[in-house]
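Top to bottom, those sequences are chains A and B. When the count follows the working numbering, it moves up by one through the first sequence with no breaks and lands on 1087 for the last residue. When the count follows the working numbering, it moves up by one through the second sequence with no breaks and lands on 375 for the last residue.
Everything labelled a hint here was simulated from the structure, so no lab data went into it. Built from N, CA and C at the ideal position, the CB exists for glycine as well.
Okay, the calculated bits of chain B under chain A, using three or more residues with CB under 8 Å as the criterion:
| id | stretch |
| --- | --- |
| 1 | 30-37 |
| 2 | 52-58 |
| 3 | 115-123 |
| 4 | 288-298 |
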Amino acid sequence: MARDTSIKSVLVIGSGPIVIGQACEFDYSGTQACRVLRAEGIRVILVNSNPATIMTDPEFADATYIEPITPEFIEQIIIKEKPDAVLATLGGQTALNAAIGLYELGTLAKYGVKLIGADVDAIKRGENRELFRAIVEKIGGESARSIICHTMEDSLEAAKKLNYPVVVRPSFTMGGLGSGIAFSEDELKQIAGAGLRHSPTSEVLLEESIIGWKEYELEVMRDKTDNVVIVCSIENLDPMGVHTGDSITVAPSMTLTDVEYQKLRDLSIAIIREVGVDTGGCNIQFAVNPDNGRIIVIEMNPRVSRSSALASKATGFPIAKIATKLAIGYTLDEIRNDITQVTPASFEPTLDYVVVKAPRFAFEKFADADPRLTTTMKSVGEAMAIGRSFPEALMKALRSLERKEAIFTFPSKKNDIPIDELLKKMRTPTEYRLQQVQLAMWAGATIESVYEASKIDRWYLEQISIINERAQLIAQPGELNADVIRSAKNIGLSDSQIAQLRSITEEDVRRSRNHLGIHPVYKTVDTCAAEFEAFTPYHYSSYEEETEVKPRTKSAVIILGSGPNRIGQGIEFDYSCVHASFALQESDFETIMINCNPETVSTDYDTSDRLYFEPLTLEDVLEVIHAETLAGPVLGVITQLGGQTPLGLAAGLKDAGVTILGTSPEAINLAEERGAFGEILKQVNLLAPEYGMASSEQEALTIAQRIGYPVLVRPSFVLGGRGMEIVYDDESLAGFISRATDITPDHPVLVDRFLDSAIEIDVDALFDGQELFLGGVMEHIEEAGIHSGDSACVLPAMSLSRDQIATIKEATTKIAKAVGVVGLINIQFAMSDSQLFVLEANPRASRTVPFVSKATGVPLAKTAARLAVGSSIAALREEGLLPNKGDGIAKGISVKEAVLPWNRFRRTDGRGVDAVLGPEMRSTGEVMGISNSFGQSYAKSQISAFGALPKNGTVFVSLADKDKAQGIQAAHDLSRIGFQILATGGTADALSAKQIPCTRVRKHSEGTGPLGEKTIVELINSGSIDLIINTPVGRGTRQDGWLIRTAAVQRSVPCITTTAGFKAAVEGIKSLQREELSIRSIQSWLA
Amino acid sequence: MSKAFLVLDDGRIFEGSSWAFEGTTFGEAVFQTGMTGYQETLTDPSYHKQVVVMTAPHIGNTGMNTQDNESKKIWVSGFVVRNPSPITSNWRSEKSLEKELIDQKIVGISGVDTRALTRHLRDRGAMRVGIFSGQSLTREEMVIEVRKQPQMSGSYLSQDVSTKKSYVVAAQGEKKFTVAAIDLGIKGATPRALSIRGVETHVMPYNVSFKEISDLNPDGVFLSNGPGDPATMTATIDLVRKILLAEIPIFGICFGHQILGRALGFETYKLQFGHRGINQPVIDKNTNKVEITAHNHGFALKAPTDGIFSTVFGTGEVTHVCLNDGVVEGLQLLERAAFSVQYHPEAAAGPHDADYLFDRFIDLMLKYPVAQRIK
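Turn these sequences into a full structure, and let the hints steer you where they fit.
Structural data, given as structure tokens:
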């Protein structure tokens, strides 16, 4: 057999920006694909619009195109690079859809490029519900009774036949987008309406409800000679009704006998054969009736998926890597198992541990959003934990989420716990349902009553009751001796939970535990339950007898990852951690990664010398350090690359005697603590917007009156702008404080002067104590007030003069020196009337590090890691890691745009949440556009993030009074280049006053006109609008604006909410009209 | 829960908690890596005289039911688990695992670092073991007790597990064939697999005579799995030679495969720690297809894996090899109707990939019909 030698070059399609349902697991899979192909000597061409990925690092492909993933752009790439084949099964639904597009347009045939890893017919058989249903029937399986609908009338009719509740599933969408469960006709209208719109084929499936059934997923792989293996079975703790991505899931399956498991296995194999997935991986989902075992096949994904990443991490079987090898012609038995080195990949991993995955949500970012969990995925990230029992793994997974609400509590006053209320609440799945379950059982609810309310399998409930019983024993008075501690650790209680039960401090528990010499041991994920020796140190902790950590002689550096993805802390930080690991391996250190996010490249066992899949808490990290210190020399720990999570641990680690490499915890505190930082700015003569810190509402009002409205208010110590708001008067300030903060002297609230219409600037720089290297100065496209993570930005800064940049560098140097940075620092400045204000400084890797590195070709994170272990900027210039002189210079003009998840969230009334930018970060990911002109780069970024900007057509413009001066000019430009402008009320008046042609339309609040004239919302819904400009007036009283924006999101019409964005869009449209957007590889830009 | 000890031949002792029946038991320590199927494992006669260590950490979750038993009783001599389930959760469950073990007086131990134990057995080999729960012996005394026990090599166990009297498992639907199955520790799944293919299976005791078999005039003979050292099975090996001479089609699995191999003149040997699991990759050398199979064997056959070998019964070849370690997993004669595999095509527990072997047996019986033989 062996590989197909006719394939000499492959175009790999990535998955684009991180969105809900499609996150960094596809960077993990795509990176593996690129590695495998290059190792085979195949030329790799890559397209991915997401700069924050490892796969788009120039060294992972021969030609990397950070360009929109659309058939048009890909065709240009094919013309230029002439690949032999396209690999699209590792880039999620985005890549698969792009490949289908290329096939249907005839592009693949035209240029003689073959699609490897899947064929279009197989994809269609897998994804088209009717075809798939026929397949299930043919192989003797059962599908839920269902009816395909193309219109609302069909849907209502179908629901009558199936009986409510019915499940609505739109075709060809990812992450269950647009799907849901309708319990009534009203709900069906909402859900099916949205589903019909989201589905590219305007098709939804209505299905009999199997809510409450057990849910399973099998990961299957097949090679071209028809060898099939099941890599992993995953059981959802949350029964049917909650999207798998939002469920707590467990591997392997826990509550099936062999007879039942083999039925699922047989069905899976029959399905993959019949669908005809010739090579590669896919997953198949099943529902099992808990009362009689009736099995329903739910669906399959004929590609590597989010679950594949989880299954890979859970078993040690690298699905993406093997799928790639299969795609180029190898068979499973020809591929070696990396971990055992002697056995082949044609086997089924067996686990001697339990894996629990828990989702991380971001509902606090979307105050209006419906918190119920449904079949539409809403979580933004996940944590995985491994233990030698389900309780141990579950408790680790919950603390990995870094949410205090996620951790089980054991209040001593059980009588105060409202059991009935909890039982009622848990009927509806929400983020903390499992905590409701545990608390109810702690207070005495029976397994049967909880089962009846939640339908969570009794086995899991029993395990939770074991945890509760053990906690009860720990809480008994008596000495905290070895037996007590061991019995607590055995079911996964953390030191802090033991402390809570004993009313002592976590430090007390740790001291006793250390004194008694009770530490976890580290076991190995080895694919084979220890049947063969493992050669990859992929470890997890358990309180057992024997540890498998091997001694080493080389000095080690421990890198702390960033934990589960969340808004404000995602793949960008994983990127930096992975880079640090690579850089330090290159300079002959052993690298040790600690992280608990299964989606990432950092938790690939190939990335670092050793991997510990552990929660990022002080206790868990200290134990790894303890174990590794016994194994050999440890130089120290890097905490500045993984975002706020490791940074938050730095001080505790230092107190425990651990060496923190790079910027010290004291320096971090200097920058983070507003008072101390204010002092520093004063010392070095830099301005900050006036601010004050208030420990009561009254104090906040006094401060606001002193510095003048508008003011920006926020709780202290935040990341991603959580809980920030701009307020314009006393009333809204008081409102925010009572609504969004629990203000106390311990938890003060910051009140900042808000710089209206200033330019916001983001700087990433490196400092070694002597010299400063300015990595990049980015100018935000949205003005100050929009969270930097949600603002588009451009590098190089377009409107700053050389002198202004010099001023910025000088200010950056002063701050870095005064704070005591060793490594990376990110500073946000605002330039208001030529005056430079310092907004904040973060002495750590920022979200923009990968973007800057891609735009300038300077590996900032690698350099930071080297500085942390003692190198200098001068030495690294010498070595070639940094340019030999000067600062980072952008090649071309790069625009970064944020991607927002508006379409994922709905209010409880079923309407969309407001799609407006503000000081609170809400974006999940980012894209990059690079070219020689701002307009073209911006246009590319918009295409990648939201779909194309229109070249012509009808634009609706609605500007807030404060935005009219600036916005009118942009509207004028649009009108001149041929757009028809619609406007309502004040904006129409303002346009007319400037003699700009516009058509006046009715506001929603004015209602449909007497002659049936449509309101703007109706016009949007009828598809008559191509572009919407709507800048909000301020919080509240914006019913019209909100309806316009939500209608835009639902119809997928580009909607711009700032005047700066408006101006940029006009530039982009001009450039689209003028020329065809061109492509160029990053390697060529950086050459 | 009181303490219990798992004591190995080489002196290593693991501490755990008393679980299931309290008492003392001995056997050969082996590990089983299946994540499902503990009930089938417990009731598989091949595990007779073995103390089975389950590598899957949670055992007992789905309880016990009557349909999934592979024989009438539990055969393991001891059961070692990490986390036994206190409740059962499955619609078919009739009894908890612990209750069943207690009822059948099977000594167990829980809370053991089963991974450390498995690694030890992997590196040092399967060895004698004792479980002591509710005992007051010293560590030294326990080790001495373990070392008094017989070794698995040289053990002759068929008389313990085999049926005393022949019985018949009827064919489903129209009866097409009659098969004599020699019970060396047969599992219920085997006659079931034959039955659905229209075979009437006569399950006969291990010490059945050739005459009794030929009186039945069967279309084929099935050699079952079972416990013990194949080298001790001289009488059965002689019987198999007679069957070969009579040209009755033979299908052997596991222990039956080793016996067929010995009847052809090959040696058997003891593997370091054996194959016990349901994820073992085996390649069919003739089709190059890989099947994921259920294994339970501590001994294996020494035969040339390349090319054709010759025996007194004509030429033959090794047909199947384990991809993990190259162990011989199947053979066939080329001029006579006999083939065997080292693993379990009947699965239970395990994947159904090797189910086709029963069809192959049927094909063989069609190809070498009784009528032709008599002629």
